[in-house]
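Colleague: In the order they appear, the protein sequences are chains A and B.
Counting in my numbering, the first sequence runs from 1 upward without gaps.
Counting in my numbering, the second sequence runs from 133 upward without gaps.
The set of hints was computed from the structure by calculation and includes no laboratory data.
Note that CB positions come from ideal geometry on N, CA and C, so glycine has one too.
Treat each hint with caution, since some may be false.
Simulated restraints on C-beta separations [what the hints assert, rightly or not]: (1) Pro644/B <-> Glu128/A: 26 to 32 Å; (2) Glu394/B <-> Asp104/A: 35 to 41 Å; (3) Asp43/A <-> Ala412/B: 43 to 49 Å.
Chain B regions said to be covered by chain A (calculated; three or more residues, Cβ under 8 Å) [stated by the list, open to error]: (4) 527-540; (5) 645-654.
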Amino acid sequence: MRASVRREVVIEVGADEAWAVVGRPETLHEWFPGVVDCTVEGDQRTITLRTGLSLDETILTNDPLQRRFQYRISGGLFREHLGSIDVIALGERRCLVTYASDVDPATMAIVLGGATGGALDELRGQLEGGTP
Amino acid sequence: MGRKILFITSDQQRYDTLGCNGGTVGRTPVLDGLAAEGIRYERAIPQSVVCMPSRSTMLTGQHPSTHGVWMNGVALPVDAPSVAAELHRAGYRTALVGKPHFEPFLDPFGRFVENGLSRAGVPTVTSPWADGTSGPHRGFEHLEFATHTPMGPLHYSRWLTANHPEATGGFYAVLDADLEVNAEGGGATGAPQVKDNPIPRDLYHTDWVADRTITWLDGLAADDDWFCWMSFPDPHHPWDPPGSEMGRVDWREVPLPAGYIEDPAERERVLDGKPRHWRAWYDGTLVSNYEAPTRWVPATLTADQVREVNARNAVEVELIDEAIGRVLAAVAARGWEDDVDVVFTTDHGELQGDFGLLFKGPYHVDGLMRLPLIWRPAPRAGVAPAVVTRPVGLVDLAPTFCEAAGLPAQPWMEGAALPVDDAAADAAGRTDRGVVTEWDSEVLGVDVHLRTITRDGWVCTTYRPGTVHDGGEGELYDLALDPLQQVNLWDDPARRSVRDETVEALRAQDRPARTPRLPVEAPV
Numbered sequence: 001m002r003a004s005v006r007r008e009v010v011i012e013v014g015a016d017e018a019w020a021v022v023g024r025p026e027t028l029h030e031w032f033p034g035v036v037d038c039t040v041e042g043d044q045r046t047i048t049l050r051t052g053l054s055l056d057e058t059i060l061t062n063d064p065l066q067r068r069f070q071y072r073i074s075g076g077l078f079r080e081h082l083g084s085i086d087v088i089a090l091g092e093r094r095c096l097v098t099y100a101s102d103v104d105p106a107t108m109a110i111v112l113g114g115a116t117g118g119a120l121d122e123l124r125g126q127l128e129g130g131t132p
Numbered sequence: 133m134g135r136k137i138l139f140i141t142s143d144q145q146r147y148d149t150l151g152c153n154g155g156t157v158g159r160t161p162v163l164d165g166l167a168a169e170g171i172r173y174e175r176a177i178p179q180s181v182v183c184m185p186s187r188s189t190m191l192t193g194q195h196p197s198t199h200g201v202w203m204n205g206v207a208l209p210v211d212a213p214s215v216a217a218e219l220h221r222a223g224y225r226t227a228l229v230g231k232p233h234f235e236p237f238l239d240p241f242g243r244f245v246e247n248g249l250s251r252a253g254v255p256t257v258t259s260p261w262a263d264g265t266s267g268p269h270r271g272f273e274h275l276e277f278a279t280h281t282p283m284g285p286l287h288y289s290r291w292l293t294a295n296h297p298e299a300t301g302g303f304y305a306v307l308d309a310d311l312e313v314n315a316e317g318g319g320a321t322g323a324p325q326v327k328d329n330p331i332p333r334d335l336y337h338t339d340w341v342a343d344r345t346i347t348w349l350d351g352l353a354a355d356d357d358w359f360c361w362m363s364f365p366d367p368h369h370p371w372d373p374p375g376s377e378m379g380r381v382d383w384r385e386v387p388l389p390a391g392y393i394e395d396p397a398e399r400e401r402v403l404d405g406k407p408r409h410w411r412a413w414y415d416g417t418l419v420s421n422y423e424a425p426t427r428w429v430p431a432t433l434t435a436d437q438v439r440e441v442n443a444r445n446a447v448e449v450e451l452i453d454e455a456i457g458r459v460l461a462a463v464a465a466r467g468w469e470d471d472v473d474v475v476f477t478t479d480h481g482e483l484q485g486d487f488g489l490l491f492k493g494p495y496h497v498d499g500l501m502r503l504p505l506i507w508r509p510a511p512r513a514g515v516a517p518a519v520v521t522r523p524v525g526l527v528d529l530a531p532t533f534c535e536a537a538g539l540p541a542q543p544w545m546e547g548a549a550l551p552v553d554d555a556a557a558d559a560a561g562r563t564d565r566g567v568v569t570e571w572d573s574e575v576l577g578v579d580v581h582l583r584t585i586t587r588d589g590w591v592c593t594t595y596r597p598g599t600v601h602d603g604g605e606g607e608l609y610d611l612a613l614d615p616l617q618q619v620n621l622w623d624d625p626a627r628r629s630v631r632d633e634t635v636e637a638l639r640a641q642d643r644p645a646r647t648p649r650l651p652v653e654a655p656v
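Chain A with its partners taken away, still in its complex shape (with noise of 0.2 Å):
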């Protein structure tokens, strides 16, 4: 079974702020909790989990106008993954980010929700310089 799960935070920074961090996915390792490594090559990316697991992902979308970022988890525990980052700009010093994940099977749809929503949590605390 698919599921879909979306999480957001609004962050007191611009969204070109925001964008520069979300944009470059080699540093995803630096605001996600449970990432302890990430490698990009080409438009191939493999993440490093704390845990020991690795998960290789294919970039589909890096666009700096729409600052859409979109990736694919393939394998492992997973037969169909979308993830897909949005920043959206609320103000001049005041931005949205969401984080959405579309997975089947639908249990590590919820999973994702959970760490995806810690790292826009790490995200605001690093963007805005405070606790997370």
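Model the placement of chain B on the given structure of chain A, informed by the hints.
Modeller: This is chain B only, laid out in the frame that chain A set:
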């Protein structure tokens, strides 16, 4: 020197599985003995009928609305109040051995402390405490974990995999290929979550939890004060006890439980008298929570399957009883017998055939809500044996531990020390106040919200608007006349005044939900 505290929990165990509570399938002489020497509670009620919120209540002394773990998969914040931290601060040595489940198990990112301790090889880590200080994680200086399976990152799993890999393959796979609760049947009857497990008894997690508890106790000084939470993963499904022990109970000889209605038409009539998620789950048209197999339809449950599940459950309960006996013998060998308070309970019950159902969910009836609870105060305290019939809650445990340790209950605790008899309960106003149980769940587009009060011989559940409820539904049961809760009196005009009074008592205790609401991190 204070009183030492041995806090023993099982997981998902019904009230009627103990001999002292009228159980006849399994033998529980150790717990029956503790009950005879101490206080046996006949209506102990959880504040949630699933693991994570209920265990969080035990630790914090708070209802789910307050501690914020509103459903399984929501992590208790690391700086949540903790009775173990209070005891540690007072000089107690503190340990939790066995199943924790304050944080999600399904954690591929390794985000949660519980899942990383074994791999890190440390007994605890320093975490922030609720008062702004810091100390051992949740107040425990020693943490050593196990759960129902040999899979995953907890201590028991890693120990078994490293030292006895041949024993790991006999367990039931709790989750299926979709990582949902497995519906596959096994045993003699094809009952879900049942499997013959050839594992030797001494490698099974029940004995491991007792062994590790004894090892920790053996390392303490004779005059140490200590608080040890020994937390058995059984008799929670899967029902896969060691094969060598299966001869204890012949499932063919197990009587059907009183709550199992044999005639399907009568069973369905009873279910139809309840809010509609009951029948919808039974028919397989609604899955409202993650705790039961999504691919299993309760209407397919046979009488023999109920017998086999109950037999296996009884075997697991007997093994726990014997493991407790070993730990108590170790306590006695240290000369601590007169100084130790022993508290035994569980986090919630199991439907185990009632209404033709298994497992658990948003169903606030005795199968899930009436728990075994025994408090054997330290003999030197001179507390007379008693039976308490008045309702008490797991929310009362934390203040009870404080009292045993000679500490005041903390202001953040929402319960009160357990009464030592009915007169004490009445004097404390417990009879009027009753005990509240909460349910909230939101799983893949389906939300369910219940609030229940057990008070003055009645159990009353109100519903809030959700996917299959408009908020006007309810359940009202007379515990004296209808001990199996088969006749819902919610819409009975003759009981309108009781209903109104009980609902008012429930609403008077309505607690605001923690804000912001804690996120769901995983399904379990």
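Colleague: Now tell me, hint by hint, if it's right for this structure.
Modeller: Going through the hints against the structure:
1. Pro644/B <-> Glu128/A: 26 to 32 Å: Holds: the Cβ-Cβ distance is about 27 Å, inside 26 to 32 Å.
2. Glu394/B <-> Asp104/A: 35 to 41 Å: Holds: the Cβ-Cβ distance is about 40 Å, inside 35 to 41 Å.
3. Asp43/A <-> Ala412/B: 43 to 49 Å: holds (45 Å)
4. 527-540: violated (count 0)
5. 645-654: It holds, with 4 qualifying residues against the three required.
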